[in-house]
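Novice: Assemble chain B onto chain A, guided by the hints.
The chain contents come next:
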Amino acid sequence: MLDKSYYDKTDEIIAEHGARHASLIPIIQDIQAQYRYLPLELLSYVAKKIGITEAKAYSVATFYENFSFEPKGKYVIKVCDGTACHVRGSTPILERLYSELGLSQEKKTTDDMMFTLETVSCLGACGLAPVMTVNDKVYPAMTPDAAAALIRELRG
Amino acid sequence: MYRSYVMICGSENCSSIPGHEHLYNEFQNQIKAAGLEKEVMVLTGSCLGICHEGVGPNVAIFPEGSIYTGVKPEDVAEIVYEHLLKDNRVTRLLFDETVTIGNARSVEDTEFYKKQCRIAMRNCGIIDPKNIKEYIAKDGYQSLYKVLTEMTPDEVIDVVLASGLRGRGGAGFPTGRKWKFASGNRGKVQKYVCCNADEGDPGAFMDRSVLEGDPHSVIEAMAIAAYAIGSDHGYVYVRAEYPEAVEHLEIAIAQAKEYGLLGKNIFGTEFNFELEIKLGAGAFVCGEETALMTSIEGKRGEPRPRPPFPASKGLFSVPTILNNVETYANIPPIILKGAEWFSSIGVPSSTGTKVFALGGKIRNTGLVEVPMGTTLRTIVEDIGGGIPNGRSFKAAQTGGPSGGCIPASLIDTPVDFDSLSKIGAMMGSGGLIVMDDSTCMVDIAKFFLEFIVEESCGKCTPCRVGTKRLLELLTKITDGKGTMEDLNRIEELASFMKDNSLCALGQTAANPVLSTIKYFRDEYIEHIENKHCPAGVCKNLLTYHIDPKLCRGCTACAKACPVHAIVGTVKNPHAIDTSKCIKCGSCIEKCRFGAIERK
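One line per chain: the protein sequences are A and B, in this order.
If you're matching positions, the first sequence starts at 59 in my numbering and goes up one per residue.
If you're matching positions, the second sequence starts at 11 in my numbering and goes up one per residue.
The shape of chain A in the complex, shown without the other chains (with noise of 0.2 Å):
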């Protein structure tokens, strides 16, 4: 069960954008905004506050890649893996830090919560390629030394 405080923000967030259907992805993006991840609990109680079922409001949730029902590391790792940033070898920076935190396509966060690692698709930031983010800073043109070595850094 979660706290009250975070039914009372849930209530904040949907009365500010209005207890409709069409709110309910700008609702549930404010949610995972404020808490990192988008509690189960707090997808069933918007559903009920906007008049959908949960099944519908799960059925959005579910669709959209941003939201994750898990909670996320300290660290939220994303590697590009964009065009320009593929041909200039993303994939070995990635299949460097799967190995460095142990983490996998379907293990994405580390056991103590401090690395989450993702892919993105593209950030736009291709003239830097191959680029990845911690916590949405970018680390432009790396190796998968460099990103070793990052990583090595946040751990402190």
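Be careful, since some hints might not be right.
Unchecked claim - Derived pair list, reagent style EDC-like, types lysine to aspartate or glutamate, alpha-carbon separation capped at 16 Å: (1) A/K114 with B/E307; (2) B/K491 with B/E539; (3) B/K569 with A/D203; (4) B/K309 with A/E123; (5) A/K114 with B/E312; (6) B/K593 with A/E153.
Unchecked claim - Sample of chain A residues at the chain B side, in silico, Cβ under 10 Å: (7) F121; (8) S157; (9) S179.
Note that these hints are calculated values from the structure, not bench results.
Built from N, CA and C at the ideal position, the CB exists for glycine as well.
Specialist: Chain B alone, transformed into the frame defined by chain A:
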């Protein structure tokens, strides 16, 4: 009024370079120290289009238009004292092309810009996007004034029709016709004007640049479109991955409201227009028009069959027009300078210009805007500066996951809607990725399919299942298990998907595969029959060897190997245990003697 403006590029390609964050303050401090604070203004601007590797951060000084590249905080004092105080140029930092040309003082004279023609990006990097006054000073909102006070809605549509403007988002549908379809029953029914800023094609970032660098041009154009079709409400659907674009657009909308350029009774006329921003949530298919609209409605962003077309039944089931950012950015100049001026640029069937995001294996990466019909050779060799590292041009990929590859033999193809579709490629949104001989075409086809499999919404079977099967066939080939029969299966499946998918995503999903088979069939056959990847990319077909004659036994490779597959003692030739080798390439990076070979 200031004598000079220092514009620090604030776009992603420059701002993520270390040191960029100190430039603004350093300029302010040095300008103050030189006593120039009343004469020189420092601004954070947007992308100038020159995003070459190792070039940024860029700083432009106007009105002369000098561009300094790779500016570090410690360079600022020199620029201020030499350029701004003494009117000299700091040659070592000038954009190198301006230097090789001699004493050229402006970037306009460089190869990179000379062959360009900037209409959609006319203000990008030149004005402060967060200040509406700068847009207005560049004739901004004059077109809106003109249509509201001098033109009827039908006249506006006629001008857009006559200009020959075609949608820049991919399909190239004539914009004026779209507007005309939606123009019936003005004032009697609710209608919407939407802007597609869900720029999802990997490798394309011109819409982002326009939104970040010149958001008012989109707002103005949408208001013009609303007047033309009889709407009073608009939505801009922006990708959430572009926070800066969203921020600039929010500021621009607020300023336009404050100036009475959005809201009720614009320019004292009867015309009202409100504009809202909707954020995407990470679904590529939402770039498809019907999917985008269902997403704005708060639903799963799945496409639906057409007809009915959005012009009659779109967002919330009312007539809606949807145009892409770059398309809108062309509208104000068309209104102001006339349809004839616009249609005189480009070629008859594709008028005006197109912005390309030049990337991949090319010297000058960045955004370039050229007249339609410019040859690929001009874009790649003259503007792009050719292929770096002494390698050769192999192909260019246009149109992203819906497009195709243009091989070196067709490098003189004019780049316009019809010429590209004739050779099996497509304009698409304008991503132009250059590939050299180290790029494997089978791998590229597979790369795009992986993207599509991930992004297929799953609503229709031809796309959901077809893309998956296609990817399996390609994976078989890159794993060295393919047969010639698989090539036929791919072609058969591709044509089925083209005919039967619900939306363009599935209909065009096979294009990258088909065009690479068409132009690089030999490379596919080499993978299938000889189990060999000529470009040395497909991992399962590669093996690593150490040439004992070249190896000095320095042990650098053995230390770098993550799986300890390299054996040998100091000062004696090493060897790779291929059963352990995971083919990561770490050893090649470390070897200083070129002793490691990848075959």
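Novice: Would you list, in rising numerical order, the hints stated earlier that this structure does not obey?
Specialist: Hints that this structure does not satisfy do not exist here, as all of them hold.
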